[in-house]
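Participant: Sequence:
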Amino acid sequence: MRGFFTLNAGYPLQRLFSTFADGYPGGGIFLLRVLTGFGLIHRGIAVMTGAPSAAPLLLYLIGAGAGLLILGGLWTPVVGLLAGVLEIWMAFILPGTAGSAISLAVLSVSLAMIGPGAWSIDARLYGRKQILPPDP
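Residue numbers (our numbering): 1 to 136.
Watch out, some of these pointers could steer you wrong.
Quick list of simulated restraints, FRET-style, between CB atoms [unchecked claim]:
hint	residue 1	residue 2	range
1	Pro95	Tyr24	35 to 43 Å
2	Leu58	Gly23	18 to 26 Å
3	Leu68	Ser103	45 to 53 Å
4	Pro95	Leu61	14 to 22 Å
5	Leu58	Gly99	15 to 23 Å
6	His42	Ile121	17 to 25 Å
7	Ala98	Leu35	12 to 20 Å
If you're looking for bench data, these hints aren't it; they were derived computationally from the structure.
Every residue, glycine too, gets a C-beta built ideally from N, C-alpha and C.
Between the sequences and the hints, there should be enough to build the whole structure, so can you do that?
Facilitator: Following this line, the structure appears as C-alpha coordinates:
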(Lines of atoms letter the chains of each structure in order from A and count residues from 1; the text may use other names and numbers.)
(Lines give C-alpha, C1' and ligand atoms only; values in the text may rest on other atoms or scores of the structure.)
Protein backbone atom coordinates (compact mmCIF):
# COMPACT_ATOMS: atom_id res chain seq x y z
CA MET A 1 0.00 0.00 0.00
CA ARG A 2 1.38 3.39 -0.99
CA GLY A 3 1.26 6.24 1.50
CA PHE A 4 1.54 9.91 0.82
CA PHE A 5 2.97 12.95 2.46
CA THR A 6 1.42 16.40 2.28
CA LEU A 7 3.75 19.23 1.40
CA ASN A 8 2.49 22.64 2.51
CA ALA A 9 4.16 24.70 -0.21
CA GLY A 10 1.97 27.78 0.22
CA TYR A 11 1.42 27.81 3.94
CA PRO A 12 0.33 31.48 4.32
CA LEU A 13 -2.33 31.27 1.60
CA GLN A 14 -3.45 27.83 2.73
CA ARG A 15 -4.20 29.24 6.16
CA LEU A 16 -6.74 31.58 4.54
CA PHE A 17 -8.62 28.85 2.65
CA SER A 18 -9.09 25.24 3.72
CA THR A 19 -9.62 24.13 0.12
CA PHE A 20 -9.67 25.62 -3.34
CA ALA A 21 -13.21 24.99 -4.64
CA ASP A 22 -13.47 22.76 -7.70
CA GLY A 23 -16.35 21.55 -9.86
CA TYR A 24 -19.45 23.76 -10.11
CA PRO A 25 -18.46 26.00 -7.17
CA GLY A 26 -15.00 26.46 -8.70
CA GLY A 27 -16.60 27.30 -12.03
CA GLY A 28 -18.80 29.89 -10.32
CA ILE A 29 -15.79 31.47 -8.66
CA PHE A 30 -14.01 31.48 -12.01
CA LEU A 31 -16.96 33.34 -13.57
CA LEU A 32 -16.87 35.87 -10.71
CA ARG A 33 -13.15 36.38 -11.30
CA VAL A 34 -13.71 36.89 -15.03
CA LEU A 35 -16.53 39.39 -14.45
CA THR A 36 -14.60 41.34 -11.83
CA GLY A 37 -11.29 41.26 -13.69
CA PHE A 38 -12.76 42.36 -17.01
CA GLY A 39 -14.81 45.06 -15.26
CA LEU A 40 -11.72 46.55 -13.64
CA ILE A 41 -9.68 46.27 -16.83
CA HIS A 42 -12.46 47.82 -18.93
CA ARG A 43 -12.74 50.83 -16.61
CA GLY A 44 -8.97 51.34 -16.76
CA ILE A 45 -8.88 51.18 -20.56
CA ALA A 46 -11.93 53.44 -20.92
CA VAL A 47 -10.37 56.11 -18.71
CA MET A 48 -6.99 55.89 -20.47
CA THR A 49 -8.60 56.83 -23.77
CA GLY A 50 -10.03 60.08 -22.38
CA ALA A 51 -8.74 60.82 -18.86
CA PRO A 52 -10.00 64.05 -17.26
CA SER A 53 -7.06 64.36 -14.84
CA ALA A 54 -3.95 62.50 -13.73
CA ALA A 55 -5.04 61.50 -10.20
CA PRO A 56 -8.06 59.39 -11.20
CA LEU A 57 -6.05 57.97 -14.12
CA LEU A 58 -3.50 56.50 -11.71
CA LEU A 59 -6.28 54.99 -9.59
CA TYR A 60 -7.89 53.42 -12.64
CA LEU A 61 -4.55 52.04 -13.81
CA ILE A 62 -3.96 50.45 -10.41
CA GLY A 63 -7.49 49.04 -10.64
CA ALA A 64 -6.77 47.63 -14.11
CA GLY A 65 -3.61 45.98 -12.79
CA ALA A 66 -5.61 44.49 -9.94
CA GLY A 67 -8.12 43.29 -12.53
CA LEU A 68 -5.38 41.43 -14.39
CA LEU A 69 -4.26 39.69 -11.19
CA ILE A 70 -7.85 38.83 -10.23
CA LEU A 71 -8.50 37.49 -13.72
CA GLY A 72 -5.55 35.11 -13.41
CA GLY A 73 -6.28 34.30 -9.79
CA LEU A 74 -2.91 35.45 -8.47
CA TRP A 75 -2.73 36.80 -4.89
CA THR A 76 -6.52 36.97 -4.91
CA PRO A 77 -7.14 37.77 -1.20
CA VAL A 78 -4.73 40.71 -1.13
CA VAL A 79 -5.56 42.06 -4.59
CA GLY A 80 -9.32 41.67 -4.05
CA LEU A 81 -9.15 43.69 -0.85
CA LEU A 82 -6.95 46.31 -2.54
CA ALA A 83 -9.36 46.60 -5.48
CA GLY A 84 -12.34 46.84 -3.12
CA VAL A 85 -10.80 49.66 -1.10
CA LEU A 86 -9.71 51.43 -4.28
CA GLU A 87 -13.20 51.22 -5.81
CA ILE A 88 -14.88 52.52 -2.63
CA TRP A 89 -12.40 55.39 -2.61
CA MET A 90 -13.22 56.18 -6.25
CA ALA A 91 -16.94 56.07 -5.47
CA PHE A 92 -16.38 58.88 -2.96
CA ILE A 93 -14.07 61.06 -5.05
CA LEU A 94 -15.97 60.50 -8.34
CA PRO A 95 -19.66 60.32 -7.37
CA GLY A 96 -20.80 59.98 -11.00
CA THR A 97 -19.31 56.48 -11.14
CA ALA A 98 -20.49 55.32 -7.72
CA GLY A 99 -22.80 52.57 -9.02
CA SER A 100 -20.18 50.67 -10.97
CA ALA A 101 -17.48 51.38 -8.37
CA ILE A 102 -19.56 49.93 -5.53
CA SER A 103 -20.50 46.90 -7.64
CA LEU A 104 -16.85 46.19 -8.44
CA ALA A 105 -15.90 46.77 -4.82
CA VAL A 106 -18.45 44.22 -3.61
CA LEU A 107 -17.30 41.66 -6.20
CA SER A 108 -13.62 42.24 -5.35
CA VAL A 109 -14.08 41.93 -1.59
CA SER A 110 -16.30 38.86 -2.09
CA LEU A 111 -13.52 37.19 -4.06
CA ALA A 112 -11.05 38.12 -1.33
CA MET A 113 -13.28 36.37 1.23
CA ILE A 114 -14.24 33.32 -0.89
CA GLY A 115 -10.85 32.64 -2.42
CA PRO A 116 -9.62 32.13 -5.95
CA GLY A 117 -11.00 28.64 -6.62
CA ALA A 118 -9.20 25.66 -8.09
CA TRP A 119 -8.90 27.20 -11.56
CA SER A 120 -6.40 29.85 -10.53
CA ILE A 121 -2.70 30.51 -10.31
CA ASP A 122 -3.02 30.62 -6.51
CA ALA A 123 -4.30 27.03 -6.46
CA ARG A 124 -1.40 25.90 -8.64
CA LEU A 125 1.20 27.71 -6.54
CA TYR A 126 -0.20 27.31 -3.04
CA GLY A 127 -2.55 24.32 -3.15
CA ARG A 128 -1.87 21.11 -1.32
CA LYS A 129 0.69 18.94 -3.05
CA GLN A 130 1.16 15.20 -2.65
CA ILE A 131 4.54 13.54 -2.78
CA LEU A 132 4.38 9.82 -3.34
CA PRO A 133 7.43 7.83 -2.24
CA PRO A 134 8.94 5.47 -4.78
CA ASP A 135 7.91 1.83 -4.72
CA PRO A 136 10.37 -0.36 -2.78
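Participant: For each hint, tell me whether it holds in the structure or not.
Facilitator: How the hints compare with the structure:
Against the hinted window of 35 to 43 Å, the Cβ-Cβ separation of Pro95 and Tyr24 comes to about 38 Å, which satisfies the hint. Distance hint for Leu58 and Gly23: a CB-CB separation of about 39 Å, inconsistent with the stated range 18 to 26 Å. In this structure, Leu68 and Ser103 break the distance hint of 45 to 53 Å, their C-beta atoms being roughly 19 Å apart. Look at Pro95 against Leu61: about 21 Å separates their beta carbons, and that is inside 14 to 22 Å.
For Leu58 and Gly99, the hinted distance range of 15 to 23 Å is satisfied, since their beta carbons lie about 22 Å from each other. Judged by the Cβ atoms, the range 17 to 25 Å given for His42 and Ile121 holds: they are separated by roughly 21 Å. A hinted range of 12 to 20 Å holds for the C-beta pair Ala98 and Leu35, which are about 19 Å apart.
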